[in-house]
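Participant: Single-letter residue listing:
2 protein chains.
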Amino acid sequence: MLRIGALERLVHQLNRLPGIGPKTAQRLAYQILREPDLSTGLQEALIAVRESVHLCTQCFSYTDEPAMCRYCADHSRRDDLLCIVEEPSDIVRVESSGAFRGRYHVLHGAISPLDNIGPDDLKIRELLERIEAPAKVTEVILALDPDLEGDTTVLYLAKVLSARGLKVTRIASGVPLGSDIDYVDDRTLGRALENRVEL
Amino acid sequence: MLRIGALERLVHQLNRLPGIGPKTAQRLAYQILREPDLSTGLQEALIAVRESVHLCTQCFSYTDEPAMCRYCADHSRRDDLLCIVEEPSDIVRVESSGAFRGRYHVLHGAISPLDNIGPDDLKIRELLERIEAPAKVTEVILALDPDLEGDTTVLYLAKVLSARGLKVTRIASGVPLGSDIDYVDDRTLGRALENRVEL
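Quick mapping for you: the protein sequence lines, in order, are chains H and V.
Quick note: to get the working numbering, add 1 to the position in the first sequence (first position is 1).
Quick note: to get the working numbering, add 1 to the position in the second sequence (first position is 1).
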């Protein structure tokens, strides 16, 4: 690395991005030096995102609308179904399945005692306020990751939401479509057997 | 991807960086949204690089000094040896070998007819001016990549520089130290045999 303070600081900043190691950060920094246009474009995009993108006041997804996001503002969606996801990007995944036309709520993470993330660090208080307000929601669908943190969060939310008389469901785990049972891991196959569906 | 204009533009800009595909660009953009501190740090670093880093007036490497870079300004280095490299980052590689204490000249690329890059697109005119000025340089070492573009540039520079009465050399190609001859490719071994050194 050339010993130039500003260049080293740029490498350090790029290195903070997820999945960008020190070598990649150096390559990116040199490319940015080579193409000033790249630097301008990136700077303008970073400023635009900071100025225009914020959290939706209702579901806490990202939006550039003044208050509510496109999904919260859409009058054709069902108000009685609420899908809980960990991250705003999960909404795009659920949407593209085409199997859900209700509302969303983004937790911004999952409960993880190991990382010191408890219910108060997530948008759970906001979820409870939202559910209590006009009491339109009847079913809450938990679309959380089927990992340790997701499972912990599901247990917690199921208890809290059931106590409020809501129907709480979780998206099914099992054998992915188009896959080969031979290659599916034991725990997934175990879950698929447990959650078998009557025909 | 959430359909938010500013976010999509940020993904597009990140995607322009070398080795960053659309999926990685999305992951980076979401992380930047999640950590505003990351956005600020990156913005500041980009501005600082743009404001303070420019080309050295003598060797055309990058520097944040007002005129000449640390290597050109260093009085303890030999003025009669000039090492030609393709990119500023190559200087760091040559330096860390510890085998060179002369001056550098950066071409900013190599001749590549396929990419429409000819001698006029590189810092070759500046190289010739630099050599002619006080005529201190006696040997020019070409440390260019041993690929098609590097080879083409070496042929061109060897002709032009020899015509000016300079000794022109190229760094040796051959079997890397610590490697196993069994695993060295044919062309490298061929070159190693051709360039064998008398003991």
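There's no promise every hint is true.
Where chains are identical, the list cannot tell them apart; a pair therefore holds if satisfied intra-copy or between any two copies.
Result set (EDC-like, lysine to aspartate or glutamate): computed pairs, CA atoms no more than 20 Å apart in a straight line [to be verified]:
| # | residue 1 | residue 2 |
| --- | --- | --- |
| 1 | K24 | D91 |
| 2 | K124 | E36 |
| 3 | K124 | D91 |
| 4 | K124 | E45 |
| 5 | K137 | D121 |
| 6 | K124 | E195 |
| 7 | K137 | D152 |
| 8 | K24 | E36 |
| 9 | K24 | E96 |
| 10 | K24 | E133 |
| 11 | K24 | E88 |
| 12 | K24 | E127 |
| 13 | K137 | D183 |
| 14 | K24 | E87 |
| 15 | K160 | E150 |
| 16 | K137 | E9 |
| 17 | K168 | E133 |
| 18 | K168 | E36 |
| 19 | K24 | D183 |
It is worth saying that the hints were derived from the structure and are not from the lab.
Given the structure is predicted, the values throughout are model-derived calculations rather than measurements.
Participant: Next, verify each hint and record whether it holds.
Facilitator: Hints, verified against the model:
For a Cα distance limit of 20 Å, the shortest separation of K24 from D91 across copies, 14 Å, qualifies, whereas the shortest one inside one copy, 30 Å, does not. Only between protomers do K124 and E36 lie at most 20 Å apart by alpha-carbon distance; the minimum there is 16 Å, versus 41 Å within a single protomer. Within a single copy, K124 and D91 get their C-alpha atoms as close as 15 Å, which meets the 20 Å cut-off; across copies the closest is 50 Å, which misses it. For a Cα distance limit of 20 Å, the shortest separation of K124 from E45 qualifies neither inside one copy, at 30 Å, nor across copies, at 31 Å.
Within a single copy, K137 and D121 get their C-alpha atoms no closer than 24 Å, and across copies no closer than 71 Å, so neither meets the 20 Å cut-off. In the homo-oligomer, the alpha carbons of K124 and E195 never lie at most 20 Å apart, since the shortest distance is 31 Å inside one protomer and 69 Å across protomers. In this assembly of identical chains, the alpha carbons of K137 and D152 never lie at most 20 Å apart, being 26 Å within a copy and 73 Å across copies at closest. When the C-alpha separation of K24 and E36 is checked against a cutoff of 20 Å, the pair qualifies only within one copy, where the shortest distance is 19 Å, while the shortest distance between copies is 22 Å.
Proximity of K24 and E96 under a CA criterion of 20 Å is satisfied inter-copy only: 18 Å between copies versus 37 Å inside one chain copy. Taking the closest pair of Cα atoms, K24 and E133 never come within 20 Å of each other, the shortest separation being 51 Å inside a single copy and 38 Å across copies. In this homomeric assembly, K24 and E88 come within 20 Å of each other (Cα to Cα) only across copies, at 16 Å, whereas the closest approach inside a single copy is 29 Å. With identical chains, the CA atoms of K24 and E127 are never at most 20 Å apart, being 42 Å at best within one copy and 31 Å at best between copies.
Taking the shortest Cα distances, K137 and D183 never come within 20 Å of each other, neither inside one copy (44 Å) nor across copies (73 Å). Taking identical chains as interchangeable, the C-alpha atoms of K24 and E87 lie at most 20 Å apart only when they sit on different chains, with a minimum of 19 Å there against 31 Å within one chain. In this assembly of identical chains, the alpha carbons of K160 and E150 lie at most 20 Å apart only when taken from the same copy (16 Å versus 66 Å across copies). Within a single copy, K137 and E9 get their C-alpha atoms no closer than 54 Å, and across copies no closer than 33 Å, so neither meets the 20 Å cut-off.
In this homomeric assembly, K168 and E133 come within 20 Å of each other (Cα to Cα) only inside a single copy, at 14 Å, whereas the closest approach across copies is 85 Å. Taking the closest pair of Cα atoms, K168 and E36 never come within 20 Å of each other, the shortest separation being 55 Å inside a single copy and 34 Å across copies. In this homomeric assembly, K24 and D183 never come within 20 Å of each other (Cα to Cα): the closest approach is 39 Å inside a single copy and 29 Å across copies.
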